[in-house]
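Asker: If you read the sequences in order, they're chains A, B, C and D.
All residue numbers for the first sequence refer to this note's numbering, where the first residue is 1 and numbers rise by one.
All residue numbers for the second sequence refer to this note's numbering, where the first residue is 1 and numbers rise by one.
All residue numbers for the third sequence refer to this note's numbering, where the first residue is 1 and numbers rise by one.
All residue numbers for the fourth sequence refer to this note's numbering, where the first residue is 1 and numbers rise by one.
No lab work stands behind these hints: they were computed from the structure.
One should not assume that every hint holds.
For lysine to aspartate or glutamate, the following DMTMM-like pairs were computed, each having C-alpha atoms within a straight-line distance of at most 25 Å [said to hold, decoys possible]:
hint : chain 1 : residue 1 : chain 2 : residue 2
1    : C       : 106       : B       : 124
2    : D       : 6         : D       : 37
3    : C       : 471       : C       : 420
4    : C       : 570       : C       : 318
5    : C       : 607       : A       : 62
6    : A       : 9         : A       : 33
7    : D       : 21        : C       : 617
8    : B       : 128       : D       : 13
9    : C       : 23        : B       : 6
10   : A       : 225       : C       : 617
11   : B       : 5         : C       : 658
12   : B       : 117       : A       : 316
13   : C       : 458       : D       : 74
14   : A       : 65        : C       : 616
15   : D       : 65        : C       : 481
16   : D       : 24        : C       : 396
17   : C       : 581       : A       : 234
18   : A       : 111       : A       : 181
19   : C       : 219       : A       : 181
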Amino acid sequence: MQELVNRAKELLADGTVVRVLGWKAGDLPYNPEPAYFTSAEELDNFVYNGFCGANLSKYMIEASKLEGKTMVCLKPCDTYSFNQLIKEHRVDREKAYIVGVGCKGKLNIDKIKEKGIKGIQSISGAEMSDACDTLTIQTLYGEKTCSYAEAMLERCHVCKGKEHMIYDEIIGESKDTKDAERFAEVERIEAMSPEEKFAFFRNELSKCIRCNACRNVCPACSCRKCVFDSTKFDTAQKANVDSFEEKMFHIIRAFHVAGRCTDCGECSRVCPQGIPLHLFNRKFIKDINEFYGEFQAGADSEARGPLTNFTFEDCEPSIVTERR
Amino acid sequence: MSIEKEFRPKIVAFCCNWCSYAGADLAGSSRLAYPADVKIIRVPCSCRVNPMFILRAFQKGADGVIMCGCHPGDCHYSTGNYYARRRMTLLFSMLDYIGVENGRTRVEWVSAAEGVKFSTTMNEFVEKIHSLGENVRLEDLRCKN
Amino acid sequence: MQRIGVFVCHCGSNIAATVDVKKVVEMALLEPGVVHAEDYQYMCSEAGQAKILEAVKEKGLTGIVVCSCSPRMHEATFRKAAERAGVNPYMVEIANIREHCSWIHKDMEEATKKAVILARAAIAKVNLNAPLQPGESRVTKRALVIGGGIAGIQTAIDIADAGYEVDIVEKTPSIGGRMSQLDKTFPTLDCSACILTPKMVEASAHEKINIYTYSEVEKVTGFVGDFTVDIRKKARSVDMNKCTGCGVCQEKCPSKKAPSEFNRGLNTRSAIYTPFAQAIPNVPVIDRDACLKFKTGKCGLCEKVCQAGAIDYAQQDEIITEKYGAIVVATGFDTIKLDKYDEYAYSQSKDVITSLELERIMNAAGPTKGHLERLSDGKAPKEMVFIQCVGSRCADNRGKSYCSKICCMYTAKHAMLIRDKYPDVNVTVFYIDVRTPGKNFDEFYRRAVEEYGVNYIKGQVGKVAPLPNGKLLVQGADLIDNKQILKEADMVVLATAIEPDPSVRKIATMLTASIDTNNFLTEAHPKLRPVESPTAGVFLSGVCQGPKDIPETVAQAGAAAVKAIGLLAKDKLMTNPCTAKADELMCNGCSTCANVCPYGAITYEVKQVNDHGIREDRRIAVVNNALCQGCGACTVVCPSGAMDLQGFSNRQILAEVDAICR
Amino acid sequence: MNTAKKQAEQIKEISGVNPLKCMKCGKCSASCPSYNEMDIKPHQFVSYVVNEDIESLVNSKSLWKCLSCFACVERCPRDVKPGKLIDAARQVVVRQKGQDYLSPNEIPELLDPDLPQQLLVSAFRRYRR
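Make a model of the complete structure from these sequences and hints.
Answerer: Next up, the structure:
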């Protein structure tokens, strides 16, 4: 991390960038938050550790409008989002100095808490310089330990790889964390009966409080004005009044990012209700891969997305019935 | 004394102006009957059909939604139905995934000359919806009257 | 709030017999925005339209809903009426309660209920309509005719005579088409070449007509009044400007094994060839697949003998790009392949031929120099059998479902000509029906029977079997005499079904002109607009639209020309105002819409916007209204819904959905 | 429904043929190898079914002269297939007799559509006493 801070100070000093987009320590040991830094002094608050899950590429939309260049720290999976934003002319490549930061897997505090670890005072073992094997947690009730892998976010278990798709320089080491099949959960649901599927999603979605966190964090959901806030579809409303609206919202949300979603997993990470929202996006990704060939949004900043493309021989919609 | 009300499905058909709407007109002028449950909405092209329209129809109590367009390759706007085909495939797959019976949605390509196909398609579709019964999974209960 | 008037048409009894129009009026009055509703016998009539004018005047209507026939029928009529009444024409919506309701439902209560709902949907839509103004686009004063047969030639001459430039694109080396292959024409029996060649010459000599032979349409973009077309001029390997048409090259060419397309493969031609003697232009082409120079590198004889130095082996295909205001399709027909009709032994015996092959045999310039003889042994036939409806009127997947229309007449012609020239030849025609509607047509057929003694037998042939003695055993049935017939024939002629030339599929796709299951181009209206394609600016001439004989083809060619002239005579065209429009404040500038626009109508501009007090420069989608055709592809890919389609807006369609599901 | 109509419907159902599609071209009669043996010719079969004159049909010689060679079925341009109608008529006769070794009641009216009809007829012939 120190290397990162030093480099940021250098870039600020030589005028390459006028601000740095990274993370600063939060009020708890496990909730660092995205932040801008404009001076060497401010950079003293800079952190980068296992809890820095936030994808900073979306912040570059606003940063692109500001004067001067911004140094932005992007983890490997964040770079896909950044590419996708370039493709959609939402960020300005020229306004970004991309430092690809290493990643050893990001942590989900809820998973630690689920293990009954409470009253957390400090956590060690999640710094970039650490091996990231075991977390040592100081609590009000004494020291506890927890396996790093067991505390990882779901998305890190199905990691797309530790290669940065776009960067100006890379700082820090990465570690492969993939140990699960990306579509296993989707397949499990697909195998259910319609009644089970319906019950499963009704149960999950009934938790939705329409806080819009999933939408606001999503780097693909970057519309100036969301359809769900607009008068154009008569859909503007805040709370779900009926179970239909949860479904409508989440289907349309996933549909709008279908072919653009890089599967960064931010939606599920930020959902305060713990709804596995990525299951919608991943279903679209799986279908797109099956029907129209493998496609990874954000792998580059040029290729046409699958929903703005076609072949004469595409399958018919009846395939949904036929393959059952 | 209560009499079981006969189930009369609400079915929305989106038809592109150039092929399917004309096909429906031909079915009409050829007097090829299909149930009155089907109501047609004219759109310029199948690619104008937003998934939102389909969900909205279900929300408001539609029991089935069918989209008809020109045959692939014959789109009046040359490529519209190809995009629509991908969109609808993904949407239908998603509806299936969340447990909505997949017989409630259908896409059929009907040319201006296929009045017979239009009529048989609608007859089949209405029959299918009858077998599935009322749409309870996607309906917005507030819309019930 | 709109002030809406609802007008319910009886359409005589077409609607009123199954829909309770009074009830529709009554229910419509309950809908929001409706201030007036009435019904009338015929809304499309002068008196019906006057009702609209009157109501607008009295009630100050801002929106109009007509519950009547399909909008494809009378939307334009009612829009014009609205305009006369001082209401923007795009404030009119049609509820289709005839084709989509009264004609398909029998139960009055049910049909009325549906009509009320359809009216309700239209009312809901009109409530959200906004006045639209059509734009203008220019008209390129030049027409393209695809196909150089009699249909294409006639259309081109007629358009050119009206003073407009016309280009003909013909894929073979000469114009003339199928008619140039015919020997005589019914019902007058005059020689086909004698009436066609003057037309060909007229076309080629016309100062306004430009002919691209051995050329194909490669790409079409643009729209009515302003098409841009790429034409591929295939390498002829002969310089059109230098060649004098002396024909020495064809004489000397050592490679003479290529089947002659013009003679339907009944004999061969040289590798460098003109299809027939009267070809226009009279400039040969080198068939590179057959030419020794191209195949082996050796030979080059034609270059040596050509005194004009016209041979050019290095010639390349050339792409010409030209702009047109109107396009006429005249791609014509071919006969179907007979490989699925084994029972007629076409592939087994040279003496079983198609009627088009018989035309070549009967023609003095044909493979037998006009002598009627068997292709197997050159002997003169004594017994000839004609089989009708081969591949026509078939409900199975082997043939075509339609009647090819011309076969009855040309078979009568063939039978008559043979009996006239060779009175000792017996001619038997097996028919299912003899169809001869047309001026002097039935008289013609009757002459074949009464004056020429042609033996017509009602009944299809079941099988033709080649016999060891070289004859053909024809097994048929006489349904009038209730007898089965076994006949030994010397030659059998099959009245083979015709189908649109296979090239038409590609062309239709390029033109976005719709095509039916038989590959015939669809007309805009089967009765009222038979020579127009539903695609604006595209017209249909000849058999590409449906089976036709020569007089009909020529008549339709003229009609297509008139339609094209009517278009070219305009200086400006009104463009459809139902175009896409981006909401500047909502547009993300993401370019997704431009990716799916088939017309390249969307570009991006950096514009300063004032978004609720925030002034900033934004990249925003801008729609070119002259290019946009209003398909709406952009509206659905736009995630924010910034892009909307005027006349079919998201809210309008949703309002219809709501009204229907209510 | 009277008996004739019922039988006609039965024949249509068993054969899967819509006789109204016939355009009276006579290709069936032209193809038939047993034509001269028949009193009602193949092309006439269709109109007997249309006119619901099943009585004459089942009493005709033709019913048992048809070889089930299926030439007419193969060549019929309109998918009317007189051969199938004849087969169906035979089935009706066989079922009517009601004294067969194989009771017609044991056989559903619609068998596996891939099963050739003539197989069924031969079965009836073979097991009949």
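Asker: Hinted pair, alpha-carbon criterion (25 Å max): residue 471(C), residue 420(C). Please report holds or violated.
Answerer: At roughly 23 Å apart (the allowed maximum being 25 Å), residue 420(C) and residue 471(C) satisfy the hint.
Asker: Do the alpha carbons of residue 581(C) and residue 234(A) lie within 25 Å of each other, as the hint requires?
Answerer: 18 Å, holds
Asker: Quick one, are residue 5(B) and residue 658(C) close enough, alpha carbons at most 25 Å?
Answerer: Roughly 23 Å separates the two Cα atoms, so the pair holds.
Asker: Does residue 607(C) pair with residue 62(A) here, judged by a C-alpha cut-off of 25 Å?
Answerer: Holds: residue 607(C) and residue 62(A) sit about 17 Å apart, inside 25 Å.
Asker: Straight-line Cα separation of residue 117(B) and residue 316(A) no greater than 25 Å?
Answerer: 17 Å, holds
Asker: Holds or violated: are the alpha carbons of residue 111(A) and residue 181(A) at most 25 Å from each other?
Answerer: 19 Å, holds
Asker: Taken at face value, is the distance from the CA of residue 481(C) to the CA of residue 65(D) at most 25 Å?
Answerer: Holds - the C-alpha atoms of residue 481(C) and residue 65(D) are around 21 Å apart, at most 25 Å.
Asker: Need the status of pair residue 570(C), residue 318(C): alpha-carbon distance at most 25 Å?
Answerer: Measuring from Cα to Cα gives roughly 32 Å; hence the hint is violated.
Asker: Are the Cα positions of residue 225(A) and residue 617(C) separated by 25 Å at most?
Answerer: Distance ~16 Å between residue 225(A) and residue 617(C) Cα, so the pair holds.
Asker: Holds or violated: residue 23(C) with residue 6(B), Cα cutoff 25 Å?
Answerer: 23 Å, holds
Asker: Hinted pair, alpha-carbon criterion (25 Å max): residue 106(C), residue 124(B). Please report holds or violated.
Answerer: Holds, at roughly 19 Å.
Asker: Need the status of pair residue 458(C), residue 74(D): alpha-carbon distance at most 25 Å?
Answerer: 21 Å, holds
Violated hints for the displayed structure, listed by number in ascending order: 2, 4, 7 and 19.
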